[in-house]
Amino acid sequence: MKTGAKILVESLQREGVETIFGYPGGVVLPIYDELYDSPLRHILVRHEQAAAHAADGYARASGRVGVCLATSGPGACNLVTGIATAYMDSVPIVALTGQVPTNLLGNDAFQESDITGITMPITKHNYLVKSAGDLSRVIQEAFYIAGTGRQGPVLVDIPKDVSTGLSADVKLPEKVKLRGYNPTYKGHKRQIEKALELLGHAERPLIYAGGGVISSNASPELVEFATLASIPVTTTLMGIGCIPCHHPLNLGMLGMHGTEYANFAVTESDLMIAIGARFDDRVTGKIETFAPHAKIIHIDIDPAEIGKNKRIDVPIVGDVKAVLQDLLLLMKKRDAHEIWLKKIKYWKQHHPLKCPKDGALHPQYIIRTLSDLVKDKAVIVSEVGQNQMWTAQHFCFHNPRTWITSGGLGTMGYGLPAAMGVHFARPDVPVFDIAGDGSIQMNIQEFGTIVSNKIPVKVVILNNMYLGMVRQWQELFYDRRYSYTELPPVEFVKIAQAYGIDGVKVESCDEVLPAFQAAIDCDGPFVMDFRIEREENVFPMVPAGAAINEMIGGHPRT
Amino acid sequence: MKPHTLSVLVENKAGVLSRVTGLFSRRGFNIESLAVGPCEEMEMSRITIVVIGDDARVEQVMKQLNKLIDVIKVTDLTENERVERELALIKVTAEPGGSRAEVMQIASIFRAQIVDVGAKSVTLEVTGDTEKIDALEQLLRQFGVKELVRTGRVGILRGAKTATSSK
Ligand SMILES: Cc1ncc(C[n+]2csc(CCOP(=O)(O)OP(=O)(O)O)c2C)c(N)n1
Ligand SMILES: [Mg+2]
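For the protein sequence lines, the chains are Z and G, in the order given.
Just so we're aligned: the first sequence equals residues 0 to 557 in numbering that gives the first Met the number 0.
Just so we're aligned: the second sequence equals residues 0 to 166 in numbering that gives the first Met the number 0.
What the hints contain is simulated information worked out from the structure, not anything from laboratory work.
C-beta atoms are modelled at their ideal positions from N, C-alpha and C, and glycine is treated no differently.
Covered stretches of chain G, going by a simulated chain Z footprint (3 or more residues, C-beta under 8 Å): (1) 9-19; (2) 49-59.
Take a look, some chain G residues computed to stay more than 10 Å from chain Z by CB distance: (3) 1; (4) 37; (5) 86; (6) 116; (7) 134.
With a straight-line Cα cutoff of 30 Å, these simulated DSSO-like cross-link-like pairs (lysine-lysine) come out: (8) 72(G) with 193(Z); (9) 309(Z) with 62(G); (10) 176(Z) with 66(G).
Let the sequences and hints guide you as you build the complete structure.
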C-alpha cells in the first residue's frame, strides 16, 4: 500500500515530468513531504500565478506538458489567471491543487474554495479526486487530455485525505481511452482534394497561419507547402516563428498591429488558407470586410473553431501537421503566382515597418539591436502592451517556440514567470523577457525566484512610465485624456539589486548594445531599464471596428 | 430562429450537469427547457435540452458540447421525425357544486388524470407536447391555478433511428 502523495509523485514521474513549479500550504503538506526526497525538481515561486505561467512557458518552449502545484483556497485561486492564460492559447499544463479533506467539502472549511467549479470555464477538463485509488488513473488521463487534440490546461484537485489515504498499485492501461474524447487527427480525403482544387485555380492565394502550426510542430511542413505552391504566409501573434522572418514568402503578422502588406494581402486575396488559426477579432478587424474576395480553406484540429466567426468554403478538421503532410503528398509543384508576388513585393518595399532614427531612444531600435545581436540563439518572452507589439513587429524570429507571449488573454505579468519556465525547457540558450514598466511590476516578486534558483533570465524593461498601450488608445481615441495611465518613475536597477541581481539603466542609443552585451556576458539574471521615448506609439494600427486595410500610422498608399 | 431539441448523452458523474449548463450560460444561450435522467446504459445519463437559436448558433453550441470530455454524443432531434413529450401537474381550484364538474370534463377531453382531490381543489396530471399543455393551462386559468409544475421536454426519434452512443 502507498499513500496518495507517493502515488501522485510516481505518476508524475511516469509521465516524464522533471520540473514542477509550486508553492506549499496546509493541505499539500503530505505532497511536499513526498517531494522532499523525490527526484522531481521543485521550483519555489513567490506567487502561485507565477507557477502557472512558468508551467505554461515551459510547455510552450518544449512542446511538453508543464506542471504547477498550489495549496487549496488562496493558492488555488492565485493559479486562476495563469490557467486562463494557458486555456486561451491552447497550452498544455496540468495544475495540481490541494483541497480540504473530503469530509469537510462544501462546509466552507478553512481555505476551502471550489476550484473545480471556478476553473470549469477555463480548463479543458478538471477533476476532483475522491480516493487515493483513483489518483494514478486521473493523473494519466489529465496528461493525456492536456497534451492531445487541441491542447489545454487540466486541473486536478486533491483533498488532503486523498494524499494521506492508502491504496495498492492500480494497473493502468497502455493507452488512455475515453469514450467522450476522440480528437480527429487525419483530415478528410475528399476535403483535402477540394482544397487542392481551389488551390489549382487561385491567383492570389494567402496562408494565414496561427499558433496551431506551432503546437502541432508543423513548421517544416508549412514552409515546404508554402514554398512548393509559392503562397505568401502571414502569421498571427501566436503563429510568429512558424516561418523564418527573412523567408521571402513571409509577410509578418496580420491584424490590428500587423504589417500593412500582410493586411493588404488579406484584403486582396482570392483564396485564404487558414491553418491553426481562429479568426480572432484582433486579427480580423471588422469581420464582414475580412478577406472579402477570398474563398476560405480552414484547417484546424478543433471542429468548433470552423465556421465560428467566418463562413468557410472548405473545412478540414485534423491535426495541422498530418493535414499538411497529406496536402504535400497530393500536391503538384505550381508556377509562381507572378503578378501576385510582384504586387506583394511592391507593398513590402513601399510599406515597411517604421523604425524612427532621430537619435532619441526608440523601442523599435532596442528590439532590432537585440535581434541582430542574438539572431536565432535566444528565446524571447514578452509581457503585454506596446512592448509586446514592438517585439512581435521588429524582432526577427527564425524558429518556432522561440517567441513566447500571452495572446488570447493578454496577461500583463506573464513574461517574467513564463521566462523562468522557458529556461528549464531550453537551458541551452539565453532567455529574454521584453517587458513594460507596468507589466513587470505585476510579478516582479519573481526576481526572488530567479535569484535563488540561478535562472539567468535577462529582463529588458521598455520603460515609458506609462501603461503605454492604454495611453496610446487614450491619445488616439479619447482626446489625450490620460486617465490613470501614468506611472511614477521606478529605479528598476535598484529593485534588482535589492534581490541581488545586476542591472543597468540605459538612456541613450549608444548604451544599448553594450547593455545587451553585458547581459549576455553575465552568468546570472540581468535587468535592463531602458528609458524610452515616453509617447512612442505602436504603428501601423487598425482602429477597433475598422476594416484591416484601413490602417493609421502607415505609409500613404500609392 | 426556431427551437432545437438536443439529446445529450453524458457520463453519469458528479458535476456533469453543471459543465453542460455552464457552457450554455457562458456562451450566451438560453435554455428553454431541460430534463435529466438515467438512460439505457448504466453509466450514462441523458440530458434533453431545448434551445432557441439560428442554425449556425445551435451548430456552434453542439460543437462546444461535444468538446466536453464527459459528453459522449450530441444529437439534434429537430432534424428528424420524433416524439416529444412533457408532463405537468396542475392544482386547480375546483369546489364540489362549483367548478369541479367543469374541470373534470376539461381534464377528460385532454386525457389528463386526476391524481389528487382536496376539499377545494383537484390535481391533474397531463402529458403531451408543449402546445397541448399550454392549451390546458390556458383553459384552467379561469378556475384558478394554485400551483403548476412542468417537467422539461424529452424526446425520442421515430422508427429505427436512435440517439444512443455509437457502440
Ligand atoms: C492583468 C492585466 N491588466 C490590465 C491589462 C490591460 N492593459 C493592456 S496593455 C496595458 C498597459 C501595459 O503597460 P506596460 O506594461 O508598461 O507596457 P507598455 O504598453 O507601456 O509597453 C494594460 C493596462 C492587461 N492586459 N492585463
Ligand atoms: Mg509602460
